[in-house]
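Protein sequences, first through last, are from chains Z and S.
Just so you know, the working numbering puts the end of the first sequence at 1639, numbered straight through with nothing missing.
Just so you know, the working numbering puts the end of the second sequence at 178, numbered straight through with nothing missing.
Source of the hints: derived by calculation from the structure; they are not laboratory data.
Where hints are given, some of them may not hold.
One-sided excerpt, in silico: chain S residues whose CB lies under 8 Å from chain Z [unchecked claim]:
# : residue
1 : 21
2 : 30
3 : 56
4 : 63
5 : 64
6 : 67
Result set (EDC-like, lysine to aspartate or glutamate): computed pairs, CA atoms no more than 16 Å apart in a straight line [stated by the list, open to error]:
#  : chain 1 : residue 1 : chain 2 : residue 2
7  : S       : 165       : S       : 131
8  : S       : 61        : Z       : 1474
9  : Z       : 1464      : S       : 60
10 : Z       : 1472      : S       : 68
11 : Z       : 1464      : S       : 53
12 : S       : 61        : Z       : 1466
13 : Z       : 1586      : Z       : 1636
14 : S       : 93        : S       : 53
Idealized CB from N, CA, C, for every residue including glycine.
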Amino acid sequence: MDSVDLSKLERRARRKYEWHRARTALLGFAPALLVVAIACAMNKHPSTALVFGAGMFVVGVALLWYGREIRRAVLPGLAMGLFPLTLALCANHLGHACMGTHCMKLCLPACTLGGLLAGAGVSLIGLRWKQGVSFWIGASGLTFLTGAMGCSCVGYAGIAGLTLGYLLGSIPLLLRRKADRSA
Amino acid sequence: MSTQARSELDSLLARLAEGDRAAFTPAFQLLWQPVLRLCSSMLRNDADAADAAQQALEKVLMRGYEYDPQRAAMPWVLAIAAWECRTLLRKRARRRELPEDQVPERAAGSEEELAERDLMQAAVSALGELSTDDRETLLATFWEEAATVSGATLRKRRERALKRLRDTFKRLYGLG
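Work out the full structure: start from the sequences and follow the hints.
What follows is the structure in structure tokens.
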């Protein structure tokens, strides 16, 4: 029994552990592909939506695989990202004059409003669950990529609107958290 | 394994389930000996025990992601190891069913040893028919490992699990 090479066995077990985690993360996040498919089908620029969707999927799987605190950011990040995504896609399909990638009438405000709601939502959940910075970074990344699948139809302006809205939504709650900590 | 080591194992596996890779090596080191001991006592063959223990440990650590921190780790680990031994015993039994010229030479052993091995295989098969809770209770009892409960509750659970094991044994082999 002394012939068992324990360091080799440990390396093998570690590889299997990582592989199993990656596989579980991949399967666990697979339903998010449905969101990507819907966003691509409804977007006027499906290729851009696909790029953001692929990014969202890779980030989601990576966060689930990595684990720890940041893993808890996956569901809130994805769910909050649905606000800007839905609002942008709905606005894009409402009967209005959408001139190429510069729609200021409905699409841009929808992206900003969606970002605002998402930013407030992520911060609120982070505060409720008493999560740290890694949670906020993970959830923000996923929210941004999910929302960008819809907001990309307005071009860079849509992405900028989403980012601005997100930051505006997050700041009051983040400031409150800072104040709570220093008190 | 001491109570301190058991609670250390619980926390290491909980950390591993959360994705803390730093818990991997200490958990591996803590688990190897108890798993090997269980496999040795079930298989009575050093080479087979080492094989089963390696496979069991790989499985335990691979499934570290699924570990439920609400439950004690050791019974869970031993249940997996026992299952691995049972699979190996089954494979061995199947090998015995091959035509005589294909059967590998059996290691020298007295009739008594072979009978004991068969009895152990039967007991492990019956154990495999029980629920996870019953299996964990019995493993915790016979290998003196941590149970999720103690005192009167454990005694009651043990009684019930033993009764169910007896019933299963009777059903499978027609013996009391």
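Hey, residue 61 of chain S versus residue 1466 of chain Z, does the alpha-carbon distance stay inside 16 Å?
-> Holds. Residue 61 of chain S to residue 1466 of chain Z sits at ~12 Å (cutoff 16 Å).
Is the interface hint for residue 67 of chain S satisfied, with its Cβ closer than 8 Å to some Cβ of chain Z?
-> holds (5 Å)
Would you check the hint for residue 93 of chain S and residue 53 of chain S, treating anything up to 16 Å between C-alpha atoms as holding?
-> holds (13 Å)
Straight-line Cα separation of residue 1464 of chain Z and residue 60 of chain S no greater than 16 Å?
-> holds (11 Å)
Hint consistency between residue 1586 of chain Z and residue 1636 of chain Z [alpha-carbon to alpha-carbon, up to 16 Å] | Between residue 1586 of chain Z and residue 1636 of chain Z the Cα gap is close to 12 Å, so the pair holds against 16 Å.
Are residue 56 of chain S and chain Z close enough, Cβ to Cβ, to be under 8 Å, as the hint says?
-> holds (6 Å)
Per-residue hint verdict: residue 30 of chain S, partner chain Z, C-beta under 8 Å = holds (5 Å)
Is the interface hint for residue 64 of chain S satisfied, with its Cβ closer than 8 Å to some Cβ of chain Z?
-> holds (4 Å)
Would you settle whether the hint for residue 21 of chain S is holds or violated, based on the nearest Cβ-Cβ distance to chain Z being less than 8 Å?
-> Holds. Min distance 2 Å.
Taking only the CA atoms, is the gap from residue 1464 of chain Z to residue 53 of chain S under or equal to 16 Å?
-> Within the cut-off at roughly 14 Å; holds.
Would the stated hint for residue 63 of chain S survive a check requiring a Cβ distance to chain Z of less than 8 Å?
-> holds (4 Å)
Straight-line alpha-carbon gap residue 165 of chain S to residue 131 of chain S, limit 16 Å | holds (13 Å)
The structure fails none of the hints (numbered hints given earlier).
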